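Make a model of the complete structure from these sequences and hints.
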Amino acid sequence: MRSIVKLWFLLIVGLGLLASACTDDEPAPPIVVEPDPDPDPEPEPNEPAVEPTISNLLINQVDEVIIPTYFDYQEKVVSFTAIVDDFVSAPTESSLNAVREAYLQAYRSYQAAAVHNYYATSNVDLVNTTNLYPIDVTLLDELISSESYNFNTTAQRRANGYPALDYLLYGDQDVLAAFANDPKRTAFLQALVGALQTKADDLVQRWTGTLRDNFVNNGGVALGSSVSVQLNRSLVYYEEHIRGNKVGLPIGRLGPNDTPIARDASKIESYYKSLQDNSDETALELVRVAVEEMEDIYLGSTSEAGDGIGYEDLLLAADQESLDTDIKAQYQQIYDQIAGRTLITGDENLYNSIQALITLYKSDLFPVLNVQDADGANDGD
Amino acid sequence: MVPIFILAMRERSIQLRNWLFGRVSIAPLVVFRIVFGALLLYSTYRTYSQGWIHELYIDPTFHFAFFPWVRPLPGDGMYYVFGLLGVSSLGIMLGFGYRICAVLFFLLFTYVELIDKTYYLNHYYLVSILSFWMIWVPAHRWFSMDLLLFPSIRSTTCARWQIWIFRCQLSIVYFFAGLAKVNYDWLYRAQPMATWLPGKHQLPVLGSFMHLKLVAYLFSWAGCVYDLTIWIFLLWKKTRVLAYIGVLVFHIMTGILFPRIGMFPYIMITSTLIFFSSDFHERLLSLIGGGLKDDQVTSAELKSVSHGSRWPTWLLIGYMVVQLFLPLRYLMYPGHLFWNERGYRLSWRVMLMEKNGYTSFIVRDPVRDVRREVDQSIYLTPFQEQQLRSQPDMMIQFGRYIGDRFVAQHGYSPEVYVKSRISLNARRSQVFTDENYDIYNNSHPFRDGWIQAYKR
Chain A
96 MRSIVKLWFL LIVGLGLLAS ACTDDEPAPP IVVEPDPDPD PEPEPNEPAV EPTISNLLIN
156 QVDEVIIPTY FDYQEKVVSF TAIVDDFVSA PTESSLNAVR EAYLQAYRSY QAAAVHNYYA
216 TSNVDLVNTT NLYPIDVTLL DELISSESYN FNTTAQRRAN GYPALDYLLY GDQDVLAAFA
276 NDPKRTAFLQ ALVGALQTKA DDLVQRWTGT LRDNFVNNGG VALGSSVSVQ LNRSLVYYEE
336 HIRGNKVGLP IGRLGPNDTP IARDASKIES YYKSLQDNSD ETALELVRVA VEEMEDIYLG
396 STSEAGDGIG YEDLLLAADQ ESLDTDIKAQ YQQIYDQIAG RTLITGDENL YNSIQALITL
456 YKSDLFPVLN VQDADGANDG D
Chain B
12 MVPIFILAMR ERSIQLRNWL FGRVSIAPLV VFRIVFGALL LYSTYRTYSQ GWIHELYIDP
72 TFHFAFFPWV RPLPGDGMYY VFGLLGVSSL GIMLGFGYRI CAVLFFLLFT YVELIDKTYY
132 LNHYYLVSIL SFWMIWVPAH RWFSMDLLLF PSIRSTTCAR WQIWIFRCQL SIVYFFAGLA
192 KVNYDWLYRA QPMATWLPGK HQLPVLGSFM HLKLVAYLFS WAGCVYDLTI WIFLLWKKTR
252 VLAYIGVLVF HIMTGILFPR IGMFPYIMIT STLIFFSSDF HERLLSLIGG GLKDDQVTSA
312 ELKSVSHGSR WPTWLLIGYM VVQLFLPLRY LMYPGHLFWN ERGYRLSWRV MLMEKNGYTS
372 FIVRDPVRDV RREVDQSIYL TPFQEQQLRS QPDMMIQFGR YIGDRFVAQH GYSPEVYVKS
432 RISLNARRSQ VFTDENYDIY NNSHPFRDGW IQAYKR
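Chains as they are written, first to last, in the numbering used here: chain A, 96 to 476; chain B, 12 to 467.
It is possible that some hints are incorrect.
With a cut-off of at most 20 Å between alpha-carbon atoms, the simulated SDA-like pairs for lysine to any residue come out as follows [as the list claims (entries may be wrong)]:
#  : chain 1 : residue 1 : chain 2 : residue 2
1  : B       : Lys430    : A       : Asn444
2  : B       : Lys366    : A       : Ala317
3  : B       : Lys248    : B       : Trp175
4  : B       : Lys366    : A       : Thr454
5  : A       : Lys362    : B       : Asp386
6  : B       : Lys224    : A       : Asp414
7  : B       : Lys366    : A       : Leu418
8  : A       : Lys362    : B       : Arg382
9  : B       : Lys430    : A       : Gly339
10 : B       : Lys430    : A       : Gln425
11 : B       : Lys224    : A       : Ala185
12 : B       : Lys430    : A       : Leu455
13 : B       : Lys224    : A       : Gly314
14 : B       : Lys466    : A       : Leu418
15 : B       : Lys366    : A       : Leu455
16 : B       : Lys430    : A       : Glu443
17 : B       : Lys430    : A       : Glu334
18 : B       : Lys211    : A       : Asn313
19 : B       : Lys430    : A       : Lys362
20 : B       : Lys430    : A       : Asp236
21 : B       : Lys211    : A       : Ser150
22 : B       : Lys430    : B       : Asp445
23 : B       : Lys211    : B       : Glu365
24 : A       : Lys362    : A       : Val384
25 : B       : Lys211    : A       : Ala317
26 : B       : Lys466    : A       : Thr454
27 : B       : Lys466    : A       : Leu455
28 : B       : Lys211    : A       : Val324
29 : B       : Lys430    : A       : Thr454
30 : B       : Lys430    : A       : Asp421
31 : A       : Lys423    : B       : Arg439
32 : B       : Lys211    : A       : Val311
33 : B       : Lys224    : A       : Leu411
34 : B       : Lys211    : A       : Gly319
35 : A       : Lys362    : B       : Ile389
36 : B       : Lys224    : B       : Leu198
37 : B       : Lys211    : A       : Gly314
38 : B       : Lys430    : A       : Leu411
39 : B       : Lys430    : A       : Asp442
Keep in mind that the hints were calculated from the coordinates and are not lab data.
All values derive from a computational prediction rather than experimental measurement.
What follows is the structure, given as structure tokens:
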């Protein structure tokens, strides 16, 4: 037995020597994100004195980032509903303008709400029932005249939500006359806005209910943890909707390679308003709001409250300042691209800057935080 | 001098041949046949019940075939293939139509494995190898249903090599799996264990230690030492029982920690039984009514020395040389193995890397001068996309496929570029491919340095 022990000992020593012979000059130590509270917090001067742990991150995310976003959305939609009611009772140029303004406010707020496309938000299918574009005008006209609509059905997805409102509020030469001439159109407008409000109320109720605690208690970074769900699902939203639908599809950058390559401005978000404005400024602003919400998740901040615990703080706790700098610089580059243009189409720089953030997340942020990509569910080795 | 040397060689080779073809108890083979057959049956059922036949072989429109001519069968064909796999593994287990079933299982299983690189797993490769050797051993000559039909094939012995081929193969698996772990990341950074283990914090008892760096180091070092040496302790009679307890603990533990390794722990737990002595297996068989009586095994048959002919010995030696060569073939390629993955498969490298990153394919239409990023989800399943992301040979396959589709649509060649950043074992990411290198119109991307050098 003693000889075996000796053999093992020799082997372990030998292994160490062997491996050190093929040493990598590796300056940075590997990073382990600790799911449990870290014993030695070092509060920075301007940072709140909260330790950058997963559980503090989750509390901050749900209480300061997610729930306020839905409260804001609910508030904007409630006010939108009231203003629509005013318009219906007294349709004038000024009440129509008030509706348009309230519409834009709600649409902007929606952009932030949709980024959190996980848990309750994906369960109520917010994105698919609220913002699929381009719309099917024929279908929309049919629905209006038939007076039978159910805003939760799949069949009606292409005549629903903000894209349908975009058409109703900006799609005609004389929108006021279009409403005045067709009471069914007015009824549709009211019903649609009512459906948006029902959904917004539902979301607030769900997020502030048991989900809030479940979100906080689902710790760690494994697949299915709140961190993994939030990062993966918001990034999927970013890829599909912000990169893809908002920018990639209109500029003809993304898609199957064997269909004709063409730019298609009709695929732009808020298309009818853009036609009227002869500029994509609204669509660009919607992109900006959506990207800002992504950044809020990263920083752990909302525009109103200060900076709480976000993924940035986990990176800093893991000595990854350079990655943090790169990610923030990438967000800034996107904002600069948006600020410097009036059309979504044109060059591909906006698309490329949006894309570069995905690369940073997937190839750097995720591995450093030990968050696994949610793809694939089969055996691996 | 020379004649003596040759004589000595010949003497040695005769000794080796006599040893290889000496007769030993058939019991270990019979037990192996039963447990391995049962495992194959369960594994086939598992693939079916998880819905993987459809998901992996029918749903995808594109496959990363190992050879272009290996394709899944159309329609419900793959269900029949798996049905036959189930039937043949049952046949192996019961020893019913054993040889036919072994041939059928080996061919069909290997065919299925060659359909798509996405699903490549070292333990599937091992199943292919083990089932190949099942063809050549008479595991059905005792305690099998074939004996009811052909009583004359009954035998209590087999050639020694027919048991040792499995022992050697399993030893090779362990040894090279261990050798692959002797690297800087594994031993000195505890990567990728330090990435994976903290995610296991919800496990009972163990979970609360998983975030400790020390645990990651412990697992890494223990795993390495285990793989490098366990086969020695299994071969050595004195330590065998203890070593097998080690096998149980190690594989059950990894099975709990990493459920995604699937059947691997069970394959190793059952197949390493073959390291046990004939006595052990004979007792095991007598428990289930297939005991060999002492006098039967020590019969004249056992003592009869059968002189194997020369060429099977050389084939066996040749096979072993190939098995030793394959895991080391990466040395022929330049660059960092974990980075370019040339010579990575068929080498018993398991759980060594965590690669993350982002890879996009850009198709440029040279006539209209437009560039377009391929929406990979149109052609690939999420699992395929995930595997494609960091494996260069799959990137080339996919790039060519996309290019071919473009040609079919437009009648002229596009340019296809791969833009990729990859992070290896929780480091910052690096540029992986030369994004200005057209992989569609150049035929030797590797030779041309398309994969960017790994910077430490």
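We went through each hint and held it up to the structure:
Restraint check for lysine 430 of chain B and asparagine 444 of chain A: satisfied, since their Cα atoms lie roughly 16 Å apart, inside the 20 Å limit. Simply put, lysine 366 of chain B and alanine 317 of chain A have alpha-carbon atoms about 16 Å apart, close enough for the 20 Å limit, and the pair holds. Between lysine 248 of chain B and tryptophan 175 of chain B the CA atoms are separated by roughly 15 Å; this keeps the pair inside 20 Å, and the hint holds. Taking the CA atoms of lysine 366 of chain B and threonine 454 of chain A, the gap is about 13 Å. The hint holds against a cut of 20 Å.
Our distance criterion of 20 Å between C-alpha atoms is met by lysine 362 of chain A and aspartate 386 of chain B, whose separation comes to about 17 Å. In summary, the hint linking lysine 224 of chain B to aspartate 414 of chain A is supported, as the alpha carbons are separated by about 16 Å, within the 20 Å threshold. At most 20 Å may separate the alpha-carbon atoms for a hinted pair to count; lysine 366 of chain B and leucine 418 of chain A meet this at roughly 17 Å. Under the criterion of a C-alpha separation no larger than 20 Å, the hint pairing lysine 362 of chain A with arginine 382 of chain B is consistent with the structure, at around 19 Å.
With a C-alpha separation of about 17 Å, the suggested pairing of lysine 430 of chain B with glycine 339 of chain A holds against the 20 Å cut-off. Distance check on the hinted pair: lysine 430 of chain B and glutamine 425 of chain A sit about 18 Å apart at the alpha-carbon level, within 20 Å; holds. With a CA separation close to 68 Å, the supplied pair lysine 224 of chain B and alanine 185 of chain A exceeds the 20 Å bound. Simply put, lysine 430 of chain B and leucine 455 of chain A have alpha-carbon atoms about 13 Å apart, close enough for the 20 Å limit, and the pair holds.
Under the criterion of a C-alpha separation no larger than 20 Å, the hint pairing lysine 224 of chain B with glycine 314 of chain A is consistent with the structure, at around 19 Å. Among the hinted pairs, lysine 466 of chain B with leucine 418 of chain A is consistent with the structure: their alpha-carbon atoms are about 17 Å apart, no more than 20 Å. For the given pair, lysine 366 of chain B sits about 14 Å from leucine 455 of chain A by alpha-carbon distance, which is consistent with the 20 Å threshold. Distance restraint check for lysine 430 of chain B and glutamate 443 of chain A: the Cα-Cα separation of roughly 16 Å lies within the 20 Å cut-off, and the hinted pair is therefore satisfied.
Under the criterion of a C-alpha separation no larger than 20 Å, the hint pairing lysine 430 of chain B with glutamate 334 of chain A is consistent with the structure, at around 16 Å. The straight-line distance between the Cα atoms of lysine 211 of chain B and asparagine 313 of chain A is roughly 13 Å, inside the 20 Å bound, and the hint therefore holds. With a C-alpha separation of about 26 Å, the suggested pairing of lysine 430 of chain B with lysine 362 of chain A is violated against the 20 Å cut-off. For the suggested pair lysine 430 of chain B and aspartate 236 of chain A, the alpha carbons sit about 44 Å apart, so the restraint of at most 20 Å is broken.
For the given pair, lysine 211 of chain B sits about 16 Å from serine 150 of chain A by alpha-carbon distance, which is consistent with the 20 Å threshold. For the suggested pair lysine 430 of chain B and aspartate 445 of chain B, the alpha carbons sit about 7 Å apart, so the restraint of at most 20 Å is met. Restraint check for lysine 211 of chain B and glutamate 365 of chain B: the C-alpha separation of about 16 Å stays at or below 20 Å, so the hint holds. As the CA atoms of lysine 362 of chain A and valine 384 of chain A are separated by approximately 19 Å, the hinted pair is consistent with the 20 Å bound.
Restraint check for lysine 211 of chain B and alanine 317 of chain A: satisfied, since their Cα atoms lie roughly 7 Å apart, inside the 20 Å limit. For the hint pairing lysine 466 of chain B with threonine 454 of chain A, the CA-to-CA distance comes to about 19 Å; that is within 20 Å, so the pair holds. Of the pairs offered as hints, the one joining lysine 466 of chain B and leucine 455 of chain A holds, with about 18 Å between alpha carbons and a cut-off of 20 Å not exceeded. Taking the CA atoms of lysine 211 of chain B and valine 324 of chain A, the gap is near 16 Å; set against the 20 Å cutoff, the hint holds.
Among the hinted pairs, lysine 430 of chain B with threonine 454 of chain A is consistent with the structure: their alpha-carbon atoms are about 10 Å apart, no more than 20 Å. A C-alpha spacing of about 19 Å is found between lysine 430 of chain B and aspartate 421 of chain A, which places the hinted pair at or below 20 Å, so the restraint holds. At most 20 Å may separate the alpha-carbon atoms for a hinted pair to count; lysine 423 of chain A and arginine 439 of chain B meet this at roughly 16 Å. With a C-alpha separation of about 18 Å, the suggested pairing of lysine 211 of chain B with valine 311 of chain A holds against the 20 Å cut-off.
The straight-line distance between the Cα atoms of lysine 224 of chain B and leucine 411 of chain A is roughly 18 Å, inside the 20 Å bound, and the hint therefore holds. Between the alpha carbons of lysine 211 of chain B and glycine 319 of chain A the distance comes to roughly 11 Å, so the proposed pair stays at or under 20 Å and holds. Straight-line distance between C-alpha atoms of lysine 362 of chain A and isoleucine 389 of chain B comes to about 19 Å, which keeps the hinted pair within the 20 Å bound. Among the hinted pairs, lysine 224 of chain B with leucine 198 of chain B is consistent with the structure: their alpha-carbon atoms are about 12 Å apart, no more than 20 Å.
For the suggested pair lysine 211 of chain B and glycine 314 of chain A, the alpha carbons sit about 11 Å apart, so the restraint of at most 20 Å is met. Note on lysine 430 of chain B and leucine 411 of chain A: the hinted pairing is violated, with a Cα-Cα distance of about 28 Å set against a maximum of 20 Å. For the hint pairing lysine 430 of chain B with aspartate 442 of chain A, the CA-to-CA distance comes to about 19 Å; that is within 20 Å, so the pair holds.
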